[in-house]
Structures are given as C-alpha cells and as structure tokens.
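Number of protein chains: 2
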Amino acid sequence: MMNMDAKSFISKTIKPALKNSPPGEWMPSITENCIRLNSGYPAPALVPDQELKAAVVRLLDEERDLPLHYLGSPHIDKLKEQIQDRLDERGMRVSKEELLVTSGACQAIDLIARILLDEESVVAIEAPTYMEALEIFRNYTNQYISIPVDEHGLQTDLLEKELEERKRTGLSLPRFLYTIPTFQNPTGTTLTLERRKHLLELASTYNFLIVEDDAYGELAFGESPETLKAMDKEGRVLHIGSLSKVVAPGMRIGWVAGASDFITTLCWFKKDLEHPFAHSTMATYLENIDFKVRLEMLKNTYREKCAVMLSALQENMPESVTWYVPKGGYFAWVRLPGVDTSELLEKAMAEGVAYIPGKHFFLDSVEGKEYLRLSFSYADEKEIGEGIKKLGKLIRK
Amino acid sequence: MMNMDAKSFISKTIKPALKNSPPGEWMPSITENCIRLNSGYPAPALVPDQELKAAVVRLLDEERDLPLHYLGSPHIDKLKEQIQDRLDERGMRVSKEELLVTSGACQAIDLIARILLDEESVVAIEAPTYMEALEIFRNYTNQYISIPVDEHGLQTDLLEKELEERKRTGLSLPRFLYTIPTFQNPTGTTLTLERRKHLLELASTYNFLIVEDDAYGELAFGESPETLKAMDKEGRVLHIGSLSKVVAPGMRIGWVAGASDFITTLCWFKKDLEHPFAHSTMATYLENIDFKVRLEMLKNTYREKCAVMLSALQENMPESVTWYVPKGGYFAWVRLPGVDTSELLEKAMAEGVAYIPGKHFFLDSVEGKEYLRLSFSYADEKEIGEGIKKLGKLIRK
Chain A
1 MMNMDAKSFI SKTIKPALKN SPPGEWMPSI TENCIRLNSG YPAPALVPDQ
51 ELKAAVVRLL DEERDLPLHY LGSPHIDKLK EQIQDRLDER GMRVSKEELL
101 VTSGACQAID LIARILLDEE SVVAIEAPTY MEALEIFRNY TNQYISIPVD
151 EHGLQTDLLE KELEERKRTG LSLPRFLYTI PTFQNPTGTT LTLERRKHLL
201 ELASTYNFLI VEDDAYGELA FGESPETLKA MDKEGRVLHI GSLSKVVAPG
251 MRIGWVAGAS DFITTLCWFK KDLEHPFAHS TMATYLENID FKVRLEMLKN
301 TYREKCAVML SALQENMPES VTWYVPKGGY FAWVRLPGVD TSELLEKAMA
351 EGVAYIPGKH FFLDSVEGKE YLRLSFSYAD EKEIGEGIKK LGKLIRK
Chain Y
1 MMNMDAKSFI SKTIKPALKN SPPGEWMPSI TENCIRLNSG YPAPALVPDQ
51 ELKAAVVRLL DEERDLPLHY LGSPHIDKLK EQIQDRLDER GMRVSKEELL
101 VTSGACQAID LIARILLDEE SVVAIEAPTY MEALEIFRNY TNQYISIPVD
151 EHGLQTDLLE KELEERKRTG LSLPRFLYTI PTFQNPTGTT LTLERRKHLL
201 ELASTYNFLI VEDDAYGELA FGESPETLKA MDKEGRVLHI GSLSKVVAPG
251 MRIGWVAGAS DFITTLCWFK KDLEHPFAHS TMATYLENID FKVRLEMLKN
301 TYREKCAVML SALQENMPES VTWYVPKGGY FAWVRLPGVD TSELLEKAMA
351 EGVAYIPGKH FFLDSVEGKE YLRLSFSYAD EKEIGEGIKK LGKLIRK
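Line by line, the protein sequences are chains A and Y.
For the first sequence, full-length UniProt numbering assigns the number 1 to the initial residue and increments by one for each residue that follows.
For the second sequence, full-length UniProt numbering assigns the number 1 to the initial residue and increments by one for each residue that follows.
Please note that a few of the clues may not be correct.
[Claimed, not checked] Calculated cross-link-like contacts (lysine to any residue; reagent style SDA-like; alpha-carbon spacing at most 20 Å): (1) Y:K53 x A:Y70; (2) A:K53 x Y:A54; (3) Y:K53 x A:D49; (4) A:K390 x A:N33.
Since the hints were made in silico from the structure, they are not lab data.
Same shape as in the complex, but just chain A (with noise of 0.2 Å):
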C-alpha cells in the first residue's frame, strides 16, 4: 500500500542521526526450556504479584476513579515522596523539583541523552555497559570514548589518559559519562571510593556530566558503596534509579534525579506524561508493604544464589576461566579464554542452559569475544548448580 514517493519521502525525512549507525547485533533468541542464566530479571518468586493486586483492590475501592484520570489521585504525589525517602535514607538529599518519575531507567537514560546529545557530542561509556543504552545513544552520536572496567570498575586513570590527550590534541571532551558505578551490568564489578573520588575530580576538571545508572545500588550482599550522586558537591551526577530490579520491571517505575535546571529540561521532553495508574498502584503498593523487610529478604536471596553460583563455577570450570565475584546486583561476568562465546552459545542451548555472549556488552563487537554474562536473578539455586555444570562440560570439552 505504500506509494513509492511517500516511501522516499519519509526514508528522506527521517533524522540523519537515525543513519549513523546501524543497530547493534541482536540479541541471540533463547530455546524455550533452557536454565535461563541469561534473563536479568527477579525469579517469579521474588515478583510480588499477589500484593500488587492487592494494591490495585485497595486503591480503587479507595479513590475510584482518581488514578484513572491525568491527575488526581493522591498517590501520585505520593510515589515521589516515597522515591524521596529512600534516595534521603542513602544520603541523596533531593527536592521535589530535583527529582522526575520515568517509564523505567531506560526512558530516564533516553531523556537525558535526548536533552543533551546531537551529532557533535561524545558521549563517554564503560566497556563492557549496558546494552539497552548503547542503543539509546546510537539514536544521537556515534561518536564515544569507550574506557574498559577492570575488577574495580571502571579504570579512572585510563580516563584520565584519554581526557588528557583529547585536551592537548583539541578534540571533543565527552558531555556525560554513562556508567553503572555499583553492581555493574553485566560485569558485577563496583567502583572502589577512591576512583569514585578520582571520577568526581575528573568530571570537575573537564567540565562534564556523569549520568550514574544505579539500577542494582540496592541490593548489596553487604553495605550499599555511597552513591557518586551523594558525593557530588558541583550537582554534575545525575543519578538513574528504578524499581524494577527491587520490585517488578514490568510496572515500569523509574526515576532521574539532579539539578533542578535539568529536570525542568527533562519534564518538557516527557511527552508520556505522568502514568496515573502504575504509579498510583506503585505508591498504594509500597505504602502497604515495609520495604526494608522486602529488601533484606531480596539481598539474602541474591546473596545465596551467587554464593551457590560461584561455587558452581569454583567445581565445574577448568582452570583457565576466570570470573570476577560481586558485592550484590545480578551478575557474574566470565572470561573463557580462546573461547568464541557466541558460537559455544547453540552447543549450550542445545544442552539446555542460556547465558549472553560478551560481545552483546561492547560498542564493537569483537571485543568480549571470550567473555559471557552469567545471571543469578532469575534461575533457582538448583538450576543455578545444574545450568553451570552443563557449561562446564561443554568448556571441557
């Protein structure tokens, strides 16, 4: 049904940005029945399905029609207030107008690199990051320095080197870095205090922005590190957080904290609206339930899974591989050496266990080529033990 004309029209029309660059490589499609150390999100145990629902009971009996409108139900305010509390509780002191709701950090993530990138910018990203906002920011530059993460995080005195030589030479300094400082996606690494520090100088000295995707921040098997945000004495950090890994991805609650200025900014760009009825049932949700109770029981879950996954990898795994061990979050990070992780990926489904090749991780795909991303989220403990003794067969073999 499509004129030819119309057809060159819009491919014409459509923003050159949109051109830059292909999207990266898809993620690999999962057979059914697979141990799914691939899927980064909670266990259905841990999805509080029956409270929601009891949430939406209450709620609706209660106020009817209000959360059902754009505004007017109480529980909206409410949410914010409730998100206020718990950054407060983790030394992020954040008024009102320094704090927007989103659809989730992925929409908090492409809010802000919609304010602030065109073609021109460079964006600055750990290597390897989180897949989801490599294509946000492939939608706006395609130009990035990309700085690698060792056991520590990321390694602030490479980016030092890199700032230092676009200084001298007169190239773009970056307008943000994007990085996941605490139980980093995918590796599971967290950034010592004294590089967090080191970021901080950084960012003050180059005069750029660090958005701190803080996604996992609350599920320590310990202590919770102090955010970048609570450090930050310049208001530089802007500060992502989400209710999807604490309580359900699929209510889509998320927010942006930072500078007023940019919130206001943001908020103009935020065509959805507010969504009355997720956040309503959220609020009516938490203000039902005590929260740090929740968490405890999340953190010695995790806890307990990634133990039994590490001891798994300790039994099962030749020599050779490696692995970095998490403080909290969802994941484990694997190096095999000499092994093509995406081309082992079929053997593993066809043996009945699911992980994500490396290379999914990277701007350029060659890179984490020997590595994979392990999740201790979803699978149960038992599968946990059978999944990586299925993987360590197949390494062996």
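Here the structure of chain A is known, so what remains is to put chain Y in place on it, guided by the hints.
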C-alpha cells in the same frame, strides 16, 4: 548545591531547539469546586474503575508474575490484536508491523515529531489545535504554517493557497500536517468528506505526510466519518488513536498506525519499552467486556450531555454569542465577540464555573481571545445546565 560551572555547562549543552521558543502561556489553574466545563476527560461515572479492578484480579490470578516482567504475558500481544480489530472495523486494515502501541496519543505525537522534525522543518497545524501538540512541536522547531478551521474543519483551500505560494517563492514545504479531522479539539468540528479528499490530494501533490489524531473519532453521535487513514492510498497518513477517551486516560494507552518503515523507526526511539502491566490489564479488560455495548453507552451519554449544553447555550446566551454544533466528541467552541475570555475566566470561577480560554489553543495567543472551549465530558447534565446559566448571566452583564 549547584556549582556555577556545571550550571552554565548544562545551559550551554542543552539542545538549541529548546531555546527556540518558551513554552506557551501556562494554562490557568482552576479553582476547586467549580463546575468543570474545562476538563477534557471523562466523567467519574464513565470511568470503568471496578471493571479495571476485576481485570487486574483476573490477570494476576491467572498469569501471576508474567505481566510484571518485561515480556511474557500473552495479553501484551492480545492488546495489539484488539486494536487491530477495532481499526479494521473502521476500514483501516493494518498489520502488526504497521502498528505501535504508545503511552497515550501524546507519546505518539512526540515520537513522530522526533523522527521528522529538526530546526529546519516546517509543520502545518490547524488554528486552533490541541495545545499539548503545540507544546510538543515547540521542542523541535519554530516554523509553522497555521491554517484556520471553520465549521467544516480545516480550510483546505487556504492550505492549498499557502502551499502554492510557498512553492512559487521557494519557501520550505511542510514535513507533515497535524490534524484532528473528527470532533476536533477544541472546536468540535469535523472535516467534510470533500475536504478530506482535497487534503489527501494536496499531500500527494506537495509531498507531505498527514498526522491524523483520531482521539475522539469513535465518539460520534451518529456515524463516525471515514478516516483519512482509511482513504489513504499512498501510505501518507500516520493515524493516532487512544483509549483515553473511551476507557480511561490514566491507563496511558494510545497508538500509531502507519507504513511499516515508519513504525520500525518509531520503535527505535520509544525507549520506555513496553508497559506490560498496563497493556495486559487493558487487554484483559477489553476481553472481559463487550466493547460495542460500552461504546454505544458512551455515545448515548455524550450525545445527551451535548444536547443539554447546546440548549442551555440557546437559552442563556445573548444573541451575539455563537458556537459550532458538534457531531461527536467532547467539546463545543464558543465565540463571544468583543469579550476577552481570559479576563472573563476569573469572574466565571468566582461564580463557580470554569472553561478554557481560546488563546491556549493557538500558536499566537492573540488569536482566540474571543473564544472559549466548553467540555461536556466531565460535568453531569445538571451541572452543565447550571454552568452555562452562570456563564450567560456573566456575559450579559
């Protein structure tokens, strides 16, 4: 807490488009306890809160955690099919690849603007038009062609003149025209069949796209007219729909139907992902009810409320006051010659009745000074009668 350097950095790095024009004049804030002839949303009694509650209960009992993950609930796909069926019934056959579910019509408009507009682009709009759409376009460009609406909708002869003149003098032609052809917001008018044909011809001749916002299209007092999308033979129409007016705005469910190339590109930019909980709740609700029966009820109710409003206008307004007679939708558009409706609003609210001054629906707020928008969607019949009476008294003074 904001260092001046970081502050000036933010203001320097925010995209230039943002500085094009300040947001339009803020909507007046409406005093509580007024009769709300301003509100463009459904009456409390017309919002199916208990049915939506029942849908959540059924959904979460049957599917447990599935609708609370990123993917997984079969009801996510079902919603898409239900929307396809409804479009089909109105003569628009679209495939899955030609349909994107959005967070309300607003996100649909914004996504289209993101793909098609930059600072060089011209947008053609109706005068008056939906104010949120104006706010959205202002984020991208400040170049508009503004074409007046009369009682038969957009004046396509004036559009043709403008296009001819632009072509002759080498001025840019519009990338797209944004129109609400059926039961327009704010005028309540409907584009005639003859003008619909003319508009499609113009789009073909001058090679632009048509963004058809059909948020009110199903709420006809008689028959809904054929949509531009149904008449389109060249793939030039992007059709926007919404469940906000026929179910509940707080669910934030809308869509765009258009050429698949276009929809694919919109998907890349829609970074708030799917909304599994909202989408599967809505799909379950639609499965539980007979939508045709609901629509009949809504049409009867709004027809009746509109009739009450029109006869109250007839009875209470001085002869100089005129209005268009709507054939569906939510709104009546009233002209008060010589009266500044923004000034009048304060007095009206003091008397206990609210409306929206006409200027808020125009790019240039000097236009529309003598007009006001009345909504018969929210207030009940008794309130509508009383409200118009109060207004009439005030105007006669």
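For this session: Sort out whether D49 (chain A) lies within 20 Å of K53 (chain Y), counting only the CA atoms.
Result: holds (14 Å)
Exercise. Within 20 Å, alpha carbon to alpha carbon, are K53 (chain A) and A54 (chain Y)?
Worked result: Distance of about 10 Å is within 20 Å: holds.
Exercise. Between K390 (chain A) and N33 (chain A), is the straight-line Cα distance small enough, at 20 Å or below?
Worked result: The hint holds at about 14 Å.
Exercise. For the pair supplied as a hint, K53 (chain Y) and Y70 (chain A), is the alpha-carbon distance within the 20 Å limit?
Worked result: holds (18 Å)
In this structure, none of the earlier numbered hints is contradicted; all agree with it.
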